[in-house]
Structure formats: C-alpha cells, structure tokens
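Asks: Chain residues, written in single-letter form:
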Amino acid sequence: MTAAEPVLQVDGLRVRFASDAGAVAAVNGISFALDRGETLALVGESGSGKSVTSLAVMRLLPPPPVCEVGGRISLAEAEGGVRDLLALPEEAMCRVRGDRVSMIFQEPMTSLNPVLPVGEQIAEAIRFHRAASRRVALAAATDLLERVGIPEPRKRLGSYAHHLSGGQRQRVMIAMALACNPEVLIADEPTTALDVTVQAQILELLRRLQQETGMAVIFITHNLGVVAEIADRVLVMYAGRAVEEAEVATLFRRPLMPYTAGLLASVPRLPEAGCKGREGVRFAAIPGTVPDPLALPSGCSFHPRCVHAKPGLCDSEVPDLEDAGPGHRVRCRRWRAIDGS
Amino acid sequence: MTPPGTALLEVEGLRKWFPLGSGPFARLGETLKAVDDVSFRMRAGEVLGLVGESGSGKTTLGRTVLRLTEPSGGSIRFAGREITHLSRRALRPIRQKMQLVFQDPFASLNPRMTIGRILAAPLIIHRPELSGREREARVAEALALVGLSPGHAARYPHEFSGGQRQRVGIARALMLRPDFLVADEPVSALDVSIQAQVVNLLLELRERLGLAMLFITHDLAVVAHISDRIAVMYLGRLVELAPAAALFGTPRHPYTEALLAAAPVPDPARRGARILLQGDLPSPTDPPSGCAFRSRCRYAQAACAEAVPMLREVRPGHFSACIREELALGLPR
Ligand SMILES: Nc1ncnc2c1ncn2[C@@H]1O[C@H](COP(=O)(O)OP(=O)(O)OP(=O)(O)O)[C@@H](O)[C@H]1O
Ligand SMILES: Nc1ncnc2c1ncn2[C@@H]1O[C@H](COP(=O)(O)OP(=O)(O)OP(=O)(O)O)[C@@H](O)[C@H]1O
Ligand code: SF4
Ligand SMILES: [Mg+2]
Ligand SMILES: [Mg+2]
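These protein sequences, in sequence, are chains A and B. Numbered by my numbering, the letters in the first sequence go through residues -18 to 322 in order. Numbered by my numbering, the letters in the second sequence go through residues 611 to 943 in order.
Read the hints as simulated data drawn from the structure, not as lab findings. Just so it is clear, CB atoms sit at the ideal spot from N, CA and C, and this is done for glycine as well. Watch out, some of these pointers could steer you wrong.
Here are a few chain B residues that face chain A, going by a calculated C-beta distance under 7 Å [as the list claims (entries may be wrong)]:
1. TRP627
2. SER718
3. GLY820
4. ARG881
From the derived model, a few chain B residues whose C-beta atoms are all more than 12 Å from chain A [to be verified]:
5. ARG653
6. LEU678
7. GLY683
8. LYS707
9. SER741
10. ARG777
11. LEU813
12. ARG880
Derived EDC-like pairs: lysine to aspartate or glutamate, alpha-carbon spacing no greater than 20 Å straight-line [claimed, not checked]:
13. LYS291/A / ASP320/A
14. LYS136/A / ASP896/B
15. LYS291/A / GLU303/A
16. LYS707/B / GLU692/B
17. LYS136/A / GLU101/A
18. LYS136/A / GLU640/B
19. LYS643/B / GLU133/A
20. LYS136/A / GLU105/A
21. LYS643/B / GLU622/B
Extracted from the complex, chain A is given alone in its bound form (with noise of 0.2 Å):
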C-alpha cells in the first residue's frame, strides 16, 4: 500500500430501481477516487442520488431484482491491491461494513434500535468487530458518547433512542460510526439535525479524527457553509450524474457549471451588520423543481431550469465530463462560453 493510492476509487458507478411505475436511474455511472485522510463533499439537489451512492459503497442497497448495482468499487488492501465491494459475499462485507468503512445515517431515527438502549447498541458494535469484554466495550462506549459531546455520557448508556433529542440521536449515530476507527468514513448529512454550536464542535471533531487516523470522509451535506468549512475537494451530483468536481477553493472561486452557480448564489448568508431586517428579502432560488427520475430531460439533466440553456445543444444529447483545469471537471456543453462571459 502506498499514501498516493486512493483508500476507495468508485467507477462507472449505476444504481437501478425497478418501480410499478417503471425503472428509476438513481445513480448514473458516478466515478470519484478517494484518498486518505481526505474529505471529499458530495453535494446536490434532493433525490440526485447522494444516499444511495454511499448506500452502493456500503452494500445496503435491496437485492435484485428490487435494485440492480452495477459499476466497482475497490476499497485498498493493507497487503496492497484492491478488493472489489461490490463482488465481495455478504458474510465478508458484514466484516468491512462499521469496521474498516462505516457510515452516519441520514435519518438516525430509523437506523437506531428503539428496543435497546444507545449505550448496548454502541457496545454490540464494538463487540462484533473486536474480541471485546461487554464491560470493556461498555467503557468504550461511554468513550466515545463523551467525546461526541453527550452531557453525562455514563448515564446516557441507558437511554433508549426516544428519549434523545434529534441532534443527540445523531451524535449517538456519529459514535457508533467511529467505534473501531474506520479508514473511509461516510457521512450522510451528519450535522443537519444539529445547531450551529454542536455542529462546529463535530466538524472540529471529524477534523481531529481524522488528523489522528488518516481516516478518509465522505461528507454528504447540502449545506455550503458546511463544505467550506470541511472539505478538500467537492462532487457536485445531479440527477444521478456528477456534473462538477473541484477543489473547494476553486468550486467556490469558478464555479463553472451552472447548476453549482445557482447553488452557491442561494446559500443563506447570515445578514451584515446594519442590515434592514427581513421585509422584502427573498432567496436567490434556483427555478423549478427537480427532475422526475422516471422521466429525466433529454440531453444535460439541468437544462429545462438552467439560464443559459441553448434549445438544439444542450437537449440534445448528455454533456462528457470534461476536463476544466486541474482536478476541475465539468458536464455542460456551454462552460468555456459562460467562463468566458
């Protein structure tokens, strides 16, 4: 194994749903290499197939016929070499799965056993990965609640999920996440449910988990802010497909896509000092709604919303990714003209 080699790389990546209504596309051939101790940011509208991206690398997608997964996905071995997830048999996934590659859930209602308390549910997880005592486990446990920032973790070992407020369901979730110190961390809108001063302090937690472990993030936020603040490069999805990838740096700069403009012009920015107060102000928004994946636009998926769609080029046929610059890569057919203007 060498530092330079991507601890994930995700190619051709397709994620098929069968409906009564007809085959839903979620995942569109996404690619994107991840390398140690690196955060990547995957961003985009709701429904472009974020979840199930990090659902495909974990292997928690239904079985076919319900979901066919296509593409690889190769986790890199301590010896050296690769292994292909996706052609991994589940008893040895179930090994790879909350120990080597774990992830926070998006909803830590559903994920949470309502039966057993937080504390047994940290414990079971440190205990199916590592030779562990309950007692130790137990100990660890109350480790990790602490270190997520739950007030008087030893009596919160007992509480059932229920009882927590949603930000502490999803710091119980983020504990159980980093039990056994896992290489690729996914992170499924992990500080959504979280106010501002909680949410810096597990930014700042993630940023010291992973200076400590080389520990690799992916982080699945739609909060801007959030990826200013956290991530070295970011992939912007849309309906199923990246259309955009960058260093953050350079995103923010140029960003050359226009649905990543659109985005960056409607983040809600907290007001300067002596402003007028609310009358009047309105979100920059981006128009219309997102794309029916059961009827997805012709050509660039963006185009019926976008303001500088040309009728004739940009229905006709889907965009390549192209390269931008370095690390930059772009999926529109007009970026050199928009650049340009």
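On the provided structure of chain A, position chain B with the ligands as indicated by the hints.
Replies: Leaving out everything else, chain B with the ligands in the frame of chain A:
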C-alpha cells in the same frame, strides 16, 4: 381569519416537565424541565424564529403550544381563546387552524399511503363537504405549491428522497389553510436551491394568507431571512427575544453571540477562524443554578449563579435574560 396585527397566540409561563421515573439509570423523582416558564406573544401573520441548542426544548415548546403535548403549567391562548385545558373534542375545530410541519419527514408519512391519499386525509376528516374532484384539485394545487408535480400524487413515500418527503409534509400542513403553522426544522433536510424556494414560498404564503409561523430551526442564516422576530432558547428557557435585525446587529445575550460565531461561513478562504463554544451542554435534568448558560459563558461572574435571570426589556422590543446588561456583544466580522 384573524386580522393581521392582532394577538394570535399568547403564551404565559408555559411549562413542560418530563418526570424521568423508570429505567435502571434514572434517579427517582428526577424531572427534566424541557420547557420552563416561557412567555411570548405572536401577532397574526407574524413569523417568529425559534433557535437554540439541540435539546433546548424547541420541539417540545412547539408541540405544547399546539397541545400535541400536554403542558405541565402556564397558559396558551389562541385567537383570544384560552385553549390550555380544552378537551380533545373542543379543540378539534381549532386544530384545523394550527398545523405542524414535522422535523422528521421519514417518521411522519404513512408508508402504505400514496402521497395523494396522505394529502387528502386532512380534507376527508375536516372538510367532508368537498367532492372527490375538489379534493383532487386541492391536492394538485398543494403539490404545485411545494414544487412537486401532480404525477407525484400516485407515488409512495419510500419512492421519494428526504427532501421530497419534507415537501410533502409541508403540503400536508397547508391542506386546511391554517392561520398558524409550527414549522419544526422544515427546510433542514432540503438542499439549498429548494430550501430557498420553500422559504420564499412560506414568505409568500404568509403574505397571501396572513399565515403566522413559529419557525424552528438551527440555521441562523435561514431564520434571519424569514423571521420578523427571533427567540433564542437555552435549556428550556427563552434567553433572548428581539426583532431579527437587532438580534444579528446587537445581540444582548452571550449565548446568542456564541451562536452567531459558530455559524459556518460559505467561504473556504475564511475557514477555521472560529471561536468554538467551550464545555459540554449541561445535563437538562440538573442545569447549573442561576443562569443555565454560565457553565459555558465567557462573561460569567459569581453573581450569575445566584438567581435565574428573567427576560428583561433592555431596549424597546428587545428582551434578554442576562444580568450583565453592560456587555457590548457582537461579531468581529
Ligand atoms: N428504495 C427506493 N426505491 C425506488 N427509488 C428510490 C429508492 N431509494 C431512492 N430512490 C430514488 O433514487 C433517487 C436518489 O435518491 P437519494 O436518496 O440517493 O437522493 P439524495 O441525493 O440522497 O437526496 P436527499 O438530499 O433528499 O437525501 C431518487 O430519485 C429517489 O426517488
Ligand atoms: N418524552 C420525553 N421524555 C423525556 N424527555 C424528553 C421527552 N421528549 C423530549 N425530552 C427531552 O426534553 C429536552 C428537549 O427536547 P426537544 O426535542 O424539545 O429539543 P429540541 O430543542 O427540539 O432539540 P433538537 O434541536 O435536537 O430537535 C431534551 O433534553 C429531551 O431529551
Ligand atoms: S449544458 Fe446547457 S443546460 Fe446544462 S448546465 Fe450547461 S448551459 Fe445549462
Ligand atoms: Mg440523501
Ligand atoms: Mg427538535
């Protein structure tokens, strides 16, 4: 409809205490004061933002105001009527006028019902005189309002992403054309382009329908845009209440200052220049004496431990519960 500007909601000394009786880790007779002595008023058509730490009691306050959770003390008046002790039956016509958008869009939608049926359900219960065709039209209209297409009515919740489900939750709350909405983190699950649309939509609804809103969120930037006034909550109590511009321009409570400092700045060049609030959130069952924030407050003095500071009007319309009124707070921006 209540005329704009008149008092729509009057909350006095509201309490919700949870007894923590059972379980091997609980001490007997412990209570958790999720909402403690909270008073505020809202005018018709007003948007009051409610922000605060996770676990500070925002959801409990919102639910108690709607009588979805029974209060332990205090009073709630809605449109001039005392509703604190009304029976379920007597409450029913009032319920139509006060609706909740849930924090968790996953738990709140029945997985076995189509979106169309979920949206039609409140109409069937409260507006039985509507014909099937009229109901369908109202469902289509509500879907369009929240940026979904009429075709979505035939689909099931599991076929939607998180953000799409939250929009269904908002549409459902609007079905009965309420006067008052408690929106509990309604846009937190949405990505920004849609967040902006939904916030704009809520603002529009407020102007068109005179919809008053208690807007619960942890996103200060969102609340800044949508609220007339903002209330800040810490461990069950309101610590500051002020017009939005005053709260951001000249905060008067150290906790508000800490909140503003922690907000992420959407600019990678300004990364990490942040004062992190130190210390853990104290146990809600055993908060510090006096000012509950004093264990994390960088301005705390001995006197802060003595008595719980009351909300006081420090400037016209600007209330703060900090004894150190002389502090010049704000942000180095
Ligand atoms: N179990 C499923 N069956 C059918 N379709 C599904 C299923 N899960 C997801 N989808 C579809 O796949 C697409 C991608 O969904 P996904 O949950 O990955 O979105 P997302 O980018 O995470 O959105 P959000 O920001 O709202 O969480 C959506 O169109 C969604 O409707
Ligand atoms: N049914 C209950 N029994 C016991 N304690 C409860 C119950 N419901 C809420 N609590 C506690 O009351 C406090 C306030 O919870 P609440 O959910 O109102 O907070 P919140 O401000 O909405 O937090 P978040 O931002 O995380 O959603 C928390 O300490 C919580 O653990
Ligand atoms: S390809 Fe066309 S429609 Fe798509 S983003 Fe670029 S300009 Fe807009
Ligand atoms: Mg998702
Ligand atoms: Mg809440």
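Asks: Work down the list of hints and note, for each, if the structure agrees.
Replies: Each hint tested on the structure:
Look at TRP627/B: its Cβ only gets to about 14 Å from chain A, farther than 7 Å, so that hint breaks. With its C-beta approaching chain A no nearer than about 10 Å, SER718/B sits outside the 7 Å limit, and its interface hint is violated. Checking GLY820/B against chain A: minimum C-beta separation of about 16 Å lies over 7 Å; hint violated. With a least beta-carbon distance of about 6 Å to chain A, the hint placing ARG881/B at the interface is held under the 7 Å criterion.
The claim that ARG653/B is not at the interface with chain A holds, since no C-beta of that chain comes within 12 Å of its own (minimum 14 Å). Distance check on LEU678/B: its Cβ is at least 15 Å (rounded) from any Cβ of chain A, clearing the 12 Å threshold; non-interface status holds. Listed as outside the interface, GLY683/B is consistent with that label: its C-beta sits roughly 21 Å from the nearest C-beta of chain A, beyond the 12 Å cut-off. Every CB of chain A is more than 12 Å from the CB of LYS707/B (nearest about 24 Å), matching its label as outside the interface.
Against the 12 Å criterion, SER741/B stays outside the reach of chain A, whose nearest CB is about 27 Å from its own CB. Separation of ARG777/B from chain A is inadequate, the least Cβ-Cβ distance of about 9 Å not exceeding the 12 Å criterion. Not every Cβ of chain A is farther than 12 Å from the Cβ of LEU813/B; the closest lies at roughly 7 Å, contradicting the non-interface assignment. Against the 12 Å criterion, ARG880/B falls within the reach of chain A, whose nearest CB is about 8 Å from its own CB.
Taking the CA atoms of LYS291/A and ASP320/A, the gap is about 15 Å. The hint holds against a cut of 20 Å. A hinted pair counts as satisfied when its Cα atoms are at most 20 Å apart, and LYS136/A with ASP896/B qualifies at roughly 12 Å. Of the supplied pair hints, the one linking LYS291/A and GLU303/A holds, its CA atoms being roughly 18 Å apart against a limit of 20 Å. The hinted pair formed by LYS707/B and GLU692/B meets the criterion: a straight-line CA distance of about 15 Å does not exceed 20 Å.
Restraint check for LYS136/A and GLU101/A: the C-alpha separation of about 12 Å stays at or below 20 Å, so the hint holds. The straight-line distance between the Cα atoms of LYS136/A and GLU640/B is roughly 13 Å, inside the 20 Å bound, and the hint therefore holds. With a C-alpha separation of about 17 Å, the suggested pairing of LYS643/B with GLU133/A holds against the 20 Å cut-off. At roughly 18 Å between alpha-carbon atoms, LYS136/A and GLU105/A fall within 20 Å of each other, so this suggested pair holds.
Note on LYS643/B and GLU622/B: the hinted pairing holds, with a Cα-Cα distance of about 16 Å set against a maximum of 20 Å.
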